[in-house]
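Undergrad: The whole structure should be built from the sequences, with the hints applied where relevant.
Going line by line, the protein sequences match chains A and B. Position 66 (the first sequence) corresponds to 66 in the numbering used here; numbering is contiguous. Quick note, the numbering used here runs 1000 ahead of the 1-based positions in the second sequence.
Since the hints were derived computationally from the structure, they do not count as laboratory data. The beta-carbon is built from N, C-alpha and C at its ideal position, and this holds for glycine as well. Any given hint could turn out to be false.
The following label-pair restraints were derived from C-beta to C-beta distances [stated by the list, open to error]:
| no. | chain 1 | residue 1 | chain 2 | residue 2 | range |
| --- | --- | --- | --- | --- | --- |
| 1 | B | 1054 | A | 76 | 20 to 28 Å |
| 2 | A | 87 | B | 1078 | 45 to 53 Å |
| 3 | B | 1042 | A | 29 | 14 to 22 Å |
| 4 | A | 5 | B | 1066 | 24 to 32 Å |
The residues making up each chain are set out below.
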Amino acid sequence: MAEEDIETKIKNYKTAPFDSRFPNQNQTNNCWQNYLDFHRCQKAMTAKGGNVSVCEWYQRVYQSLCPTSWVTDWDEQRAEGTFPGKI
Amino acid sequence: LTNTNITDAQEMETIWTILPAVILILIALPSLRILYMTDEINNPSFTIKSIGHQWYWTYEYTDYGGLIFNSYMLPPLFLNPGDLRLLEVDNRVVLPIEAPVRMMITSQDVLHSWTIPTLGLKTDAVPGRLNQTMFTATRPGVYYGQCSEICGANHSFMPIVAELIP
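TA: So, in structure tokens, the structure goes:
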């Protein structure tokens, strides 16, 4: 996707849209996946010296979906090196 | 059991077993189709999180920034005249009407259930799981519900109040 499309998408962000990968009631993995995707994107873009702002979409989505206590716990785990996901 | 009037009716027995089974299948298949249709794709305009605790709810509005607040039942001594006993809360969850709203429901400790019967909503709050329910309200007003999964001593004292505004 072209960078300006992503920026337009982020600019027009209202809330996390329907994700066909997670069509049912259980949205736990939707929250988890977007959290992982944001941090992976951020890590990859930082390593390549690219524009990290393109990763903001994933951040907006996980902030919309995930309870803040979960995000806080995961952030602490990442800081401690005990985060179970692969980033 | 040996009376000839009630033995050897194999054909009848077969028919009145198979026919009801077929009728039930003909009822079940459209019913399942409709059940899955209730989970239709509905791009929401708004996402709110509702987290169950013993014995109160926390609401998070994080689409834009971070508005987070707790919602405790008002004890009877704090009620105003005209308030509903065991149903009023200190902070109501405020929602817009005529906009598809997505509620994400979970729990921080034990099972709870977030319910507003007049909006047709009941979703379990399961620790470690994020359940989604969507609705579009059409009428403004104040809607009440109560926790619907036994969660300890004050299970009956953690109501839900939604204030729907135009």
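Undergrad: Work down the list of hints and note, for each, if the structure agrees.
TA: So, going through the hints one by one against the coordinates:
{"no.": "1", "hint": "1054(B) with 76(A): 20 to 28 Å", "result": "23 Å, holds"}
{"no.": "2", "hint": "87(A) with 1078(B): 45 to 53 Å", "result": "47 Å, holds"}
{"no.": "3", "hint": "1042(B) with 29(A): 14 to 22 Å", "result": "19 Å, holds"}
{"no.": "4", "hint": "5(A) with 1066(B): 24 to 32 Å", "result": "27 Å, holds"}
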